[in-house]
Amino acid sequence: MMDGLLDDFLIRALLAGLMVAAVAGPLGAFVVWRRMAYFGDTVSHSALLGVALGVLLGLNLNLMVTIVCVAIAILLVLLQRRQELASDTLLGILAHSSLSLGIVAVTFIEGLRVDLMAYLFGDILAVGTNDLMSIAIGGGVALLLLILLWRPLLALTVHEELAQVEGVPVLLVRLGLMLLIALVIAAAMQVVGVLLITALMIIPAASARRFAATPEQMAILAGIIGMLAVGAGLWGSFQYDTPTGPTIVVAAMLGFILVHLLPGRLIPHFGGR
Amino acid sequence: MNRETPSPHAQPATDASPLLAARDVSLERGGRVILDHVSVQVRPAEVTVVIGPNGAGKTSLLRVLLGLWKPGQGRVQRRRGLRIGYMPQRLQIEPVLPLSVRRFLTLRQRAPEAVLREGLERVGVPHLLHKPVQSLSGGEMQRVLLARALLNRPNLLVLDEPAQGVDIVGQGEVFKLIDDIRHETGCGVLMVSHDLHLVMAGADAVICLNQHVCCTGRPEEVSRHPEYQRLFPETDMQGIGVYRHDHDHVHDVAGDVHEHHAGCGHAHRPGPGGDSR
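Chains C and L, in that order, give the protein sequences.
Take any residue in the first sequence, note its place counting from 1, add 1, and you have its number in our numbering.
Take any residue in the second sequence, note its place counting from 1, add 72, and you have its number in our numbering.
For the record, the hints were derived by calculation from the structure and aren't laboratory data.
Keep in mind that the hints are not guaranteed to be accurate.
Pairwise CB distance ranges, derived in the manner of DEER restraints [stated by the list, open to error]: (1) L/Arg101 / C/His261: 19 to 25 Å; (2) L/Arg152 / C/Leu172: 23 to 29 Å; (3) L/Gly153 / C/Val260: 47 to 53 Å; (4) L/Gln164 / C/Ala137: 26 to 32 Å; (5) L/Arg189 / C/Val260: 31 to 37 Å; (6) C/Val260 / L/His109: 54 to 60 Å.
No residue lacks a Cβ here, since even glycine has one placed at the ideal position from N, Cα and C.
Please build the complete structure, drawing on both the sequences and the hints.
Right, dumping it as structure tokens:
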């Protein structure tokens, strides 16, 4: 019966989107707290390079995307340490050159018909059962890693030196965060595409802030809001025959606007301590 | 807690080896010499204060001593079993991160609410436990940071500009609080400050730093030292001992003065709840 259900491309698309949103939301909370939005953007733009390399080397694309994303993230951190160029300049250089390099490399591969638009803006309706499996594995590993790293990551986010004095292995935790971001980007690529992945992380988290009284509430709410956006976006794209990835982001944006238009007294505040 | 009760923090009085020591430490960053052959030590149950002009390398020395930065040369020794309570210079938490004081206190280790409340009570702000950290004033934040540093019962308290962002009256209170806590717990204190007047009075040892160690010793020795007088020409001995002001009123960290009836004889602590907002 499960097989029969998964035969429906719409069900597969919905499942893939929900799984990705469920982990992109909580991770997005960290991206927002740590002001890493542009960082996430840069790393996700390099994902296309991972696709090209994966095809060239005949390796699993998701694995290759994850590896390239981690590599770019580490390169970024190393370059930022040298402090010769401002962070945003570095991010801009890496984001756009890795994206362009990816596009150029993809078109160079002979005999391969890559639908560039599908990678840039996502192609959730084409998610197959195998893709669903790899999204489930990647997303599951990311979620597990996030839960394991939660407390040290939070300590690091509040004050890095204080955390270090108190015995948090700062370098290791930061590396873990990069791996997390890379895993989520690889999983989210098919859903919203490399250009829009960051939106799926930060918009739900930013909406969740208005309701949350604790970090955990914000993370979980971000996941739920992201899943709602996926559902609404999928429905909208079917209804109005629009590209699915951007429609999901538009749905998330409408949610964000709605949340911020609500007068404060209508916002339910979860008791928190 | 009062001074008669023996405290679990107290070091055995016989053991006088330093808690923390830098031996011939040099540090360069970005081609600039920040620390130049610095040797200092922090002894148990003493207040050691690092003073020096802006850019003297005070915070860098602290970072090296805390193990956050590796010195280019020299080494740092810690006594075995040293528990450090660290209070960073200032802490600004993004408004987008929903975090209560309670949660902030338990970021690293969980603790029962009674312990947290007691800790906040000791620094005079028990009413803040469930407040969002972003709503605290500068002085309240410093107190919460101090409470957090004390949570794991440190035998060394490391404070980087503990009165930063607190007005001049509140600064006296913060230093008084640190002094009280030091006497109660018997922990050593290492403090960086440029507020000479306030810190010199409570210090047991002063390290005057300007890339290298200009002079060290008891406050009165250091203040007579020619290098100190060259660095801080406007300072004279009258500036030291600021705690000896009239005790006919109480002021809190926020700087509000609370009238007191004349001749009250009790020790003057910050009034609980005095600076809520």
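Report task. Hints the structure violates: just list their numbers, smallest first. Result -> Of the numbered hints given earlier, those the structure breaks are 1, 4, listed in rising order.
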